[in-house]
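Student: Here are the chains, one letter per residue:
2 protein chains.
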Amino acid sequence: MTTQGPGLHTHVLDTLGLEIAAGEHRPGQVLRTDELAQRFDVSRTVVREVVRVLESMHLVESRRRVGVTVQPTEAWNVYDPQVIRWRLAGADRPRQLRSLTVLRSAIEPVAAGLAARNATPEQCAALTECALGMVATSRGQQLEGYLEHDIAFHRIVLNASGNEMFARLGDVVAEVLAGRTHHQVMFEDPDPAAVTLHVRLAEAVREGDTVAAERLTKEIAVGALHELDVLAP
Amino acid sequence: MTTQGPGLHTHVLDTLGLEIAAGEHRPGQVLRTDELAQRFDVSRTVVREVVRVLESMHLVESRRRVGVTVQPTEAWNVYDPQVIRWRLAGADRPRQLRSLTVLRSAIEPVAAGLAARNATPEQCAALTECALGMVATSRGQQLEGYLEHDIAFHRIVLNASGNEMFARLGDVVAEVLAGRTHHQVMFEDPDPAAVTLHVRLAEAVREGDTVAAERLTKEIAVGALHELDVLAP
DNA sequence: CGGGAAGAAAAAGTACGACGTTTATGTCAC
DNA sequence: GTGACATAAACGTCGTACTTTTTCTTCCCG
Numbered sequence: 001m002t003t004q005g006p007g008l009h010t011h012v013l014d015t016l017g018l019e020i021a022a023g024e025h026r027p028g029q030v031l032r033t034d035e036l037a038q039r040f041d042v043s044r045t046v047v048r049e050v051v052r053v054l055e056s057m058h059l060v061e062s063r064r065r066v067g068v069t070v071q072p073t074e075a076w077n078v079y080d081p082q083v084i085r086w087r088l089a090g091a092d093r094p095r096q097l098r099s100l101t102v103l104r105s106a107i108e109p110v111a112a113g114l115a116a117r118n119a120t121p122e123q124c125a126a127l128t129e130c131a132l133g134m135v136a137t138s139r140g141q142q143l144e145g146y147l148e149h150d151i152a153f154h155r156i157v158l159n160a161s162g163n164e165m166f167a168r169l170g171d172v173v174a175e176v177l178a179g180r181t182h183h184q185v186m187f188e189d190p191d192p193a194a195v196t197l198h199v200r201l202a203e204a205v206r207e208g209d210t211v212a213a214e215r216l217t218k219e220i221a222v223g224a225l226h227e228l229d230v231l232a233p
Numbered sequence: 001m002t003t004q005g006p007g008l009h010t011h012v013l014d015t016l017g018l019e020i021a022a023g024e025h026r027p028g029q030v031l032r033t034d035e036l037a038q039r040f041d042v043s044r045t046v047v048r049e050v051v052r053v054l055e056s057m058h059l060v061e062s063r064r065r066v067g068v069t070v071q072p073t074e075a076w077n078v079y080d081p082q083v084i085r086w087r088l089a090g091a092d093r094p095r096q097l098r099s100l101t102v103l104r105s106a107i108e109p110v111a112a113g114l115a116a117r118n119a120t121p122e123q124c125a126a127l128t129e130c131a132l133g134m135v136a137t138s139r140g141q142q143l144e145g146y147l148e149h150d151i152a153f154h155r156i157v158l159n160a161s162g163n164e165m166f167a168r169l170g171d172v173v174a175e176v177l178a179g180r181t182h183h184q185v186m187f188e189d190p191d192p193a194a195v196t197l198h199v200r201l202a203e204a205v206r207e208g209d210t211v212a213a214e215r216l217t218k219e220i221a222v223g224a225l226h227e228l229d230v231l232a233p
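First to last, the sequence lines map onto chains A and B. To convert, note that position 227 of the first sequence is 227 in this note's numbering; the numbers rise steadily by one, no gaps. To convert, note that position 105 of the second sequence is 105 in this note's numbering; the numbers rise steadily by one, no gaps.
Hints were generated in silico from the structure; no laboratory data involved. A few of these clues could be false.
Unchecked claim - For lysine to aspartate or glutamate, the following DMTMM-like pairs were computed, each having C-alpha atoms within a straight-line distance of at most 25 Å:
id : chain 1 : residue 1 : chain 2 : residue 2
1  : B       : K218      : B       : D171
2  : B       : K218      : B       : D229
3  : A       : K218      : A       : D229
4  : B       : K218      : A       : E164
5  : A       : K218      : B       : E164
6  : A       : K218      : B       : D209
7  : A       : K218      : B       : E219
8  : B       : K218      : A       : E219
9  : B       : K218      : B       : D191
10 : B       : K218      : B       : E175
11 : A       : K218      : A       : E207
12 : A       : K218      : A       : E188
13 : A       : K218      : A       : E148
14 : B       : K218      : B       : E207
15 : A       : K218      : A       : D189
16 : A       : K218      : A       : E164
17 : A       : K218      : A       : D171
18 : B       : K218      : A       : D189
Build the full structure now, drawing on both the sequences and the hints.
Tutor: Okay, structure coming up:
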């Protein structure tokens, strides 16, 4: 899922970001603007704009007389959805997927607890609908449909929490779920236990049962982590 | 704490970012590159690079024939440390501080639990040292020294968790703690209970007691949230 | 009177070339 | 060997000209 929109800038940015995230340029390695301009057959102007963006993500640092230096992983803005997408597309997808899933396991239970307290009737209805959609698509090779409902479900919970930081994690969760579905066993139907947990979570939120919502979400997260342990190195 | 490094780009970026984060430009409002260039007395090149960076943070969107449109808050990359800094410097610091503190309360307990399992002896030592430093500076108007140790303490815990996403939240926590110290009652010594909790947390991590570490961190977070409720609207 | 097509205009996107500025590095004298 | 100085390599900034896309306007035809 590379952000493709016509435009030289977008193309160069995406290509370079992908390469750096994939580790094709070692930290400390220097790239020269002129060389990049030549390589992509674009003007230095375009390259400079790309470098500035990459720099704002701390993927590179540009210094005079030395060039554009690739930064070590620890410096990267790992919460930037763009960076996450690049990394998930690259070599260390498994590590990345695990990190993000642990993050989810920390945040989503708390978010669900808050959602049980704050969710509007509309959000509760949408949640139930998503849960039903998950049930409906949980058998018979409808993984794409299931994924869609799963993403929507978690997004609603995060939004309903009422906390902006949680809400904005919806994109990250979407990336994780999509990555999990698309790059692991596609031939198995989702875990029935997980489906049940989602249905019960929707109920708990509707009834305003914060502790149940938190506990159920924790169970979902544990299941997701376990799934990773089983299916990934 | 505006990121000042000589350089036109930095100056323009920081000024514009600050203004947008502060809501001085309503969502939907359009800025024209030429006008910005005139206003800051820089070339269009510089403005364009700034706009590209702002665009990567989803603070604005640039479209042909229409201009640079300010995006609504929901679109912003609220995890970008730069954006966080801008917002904390602006008008809705209280709301922002609360959001971030809730985020902390979700993540840090889990991170502390992991840290109890994974921390190296060096990290344990550093943690204890920070806790002692907090004790030493907890009385007698040494708020700056206390803050320093507090930040270092939490940073170590997050790093020791072994999870990259948690570790990279150290900067956010640092901003929150600094913001809290610098923009609320500066004339009071820190809560003695919090100091004790940090000392006991350092012990728990050293002894590998994951559940104690998690529980103690939760208590610290609850205290921080309560402090916000008392001192902020 | 309405609608659609052609045209004009506005603003960003791209390119290029020139010059300024910083700074790593090598050299020369002592 | 050490320090000052010169050099050059790379980014930083600028101005201008041209391209492309999008939107507004106008005008003609049904």
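Student: Next step is simple, just say for each hint if it's right about the structure.
Tutor: Going through the hints against the structure:
no.: 1; hint: K218/B to D171/B; verdict: holds (20 Å)
no.: 2; hint: K218/B to D229/B; verdict: holds (16 Å)
no.: 3; hint: K218/A to D229/A; verdict: holds (16 Å)
no.: 4; hint: K218/B to E164/A; verdict: holds (20 Å)
no.: 5; hint: K218/A to E164/B; verdict: holds (20 Å)
no.: 6; hint: K218/A to D209/B; verdict: holds (20 Å)
no.: 7; hint: K218/A to E219/B; verdict: holds (20 Å)
no.: 8; hint: K218/B to E219/A; verdict: holds (20 Å)
no.: 9; hint: K218/B to D191/B; verdict: holds (16 Å)
no.: 10; hint: K218/B to E175/B; verdict: holds (19 Å)
no.: 11; hint: K218/A to E207/A; verdict: holds (18 Å)
no.: 12; hint: K218/A to E188/A; verdict: holds (23 Å)
no.: 13; hint: K218/A to E148/A; verdict: holds (21 Å)
no.: 14; hint: K218/B to E207/B; verdict: holds (18 Å)
no.: 15; hint: K218/A to D189/A; verdict: holds (21 Å)
no.: 16; hint: K218/A to E164/A; verdict: holds (21 Å)
no.: 17; hint: K218/A to D171/A; verdict: holds (20 Å)
no.: 18; hint: K218/B to D189/A; verdict: violated (37 Å)
The earlier numbered hint that this structure contradicts is number 18, and it is the only one.
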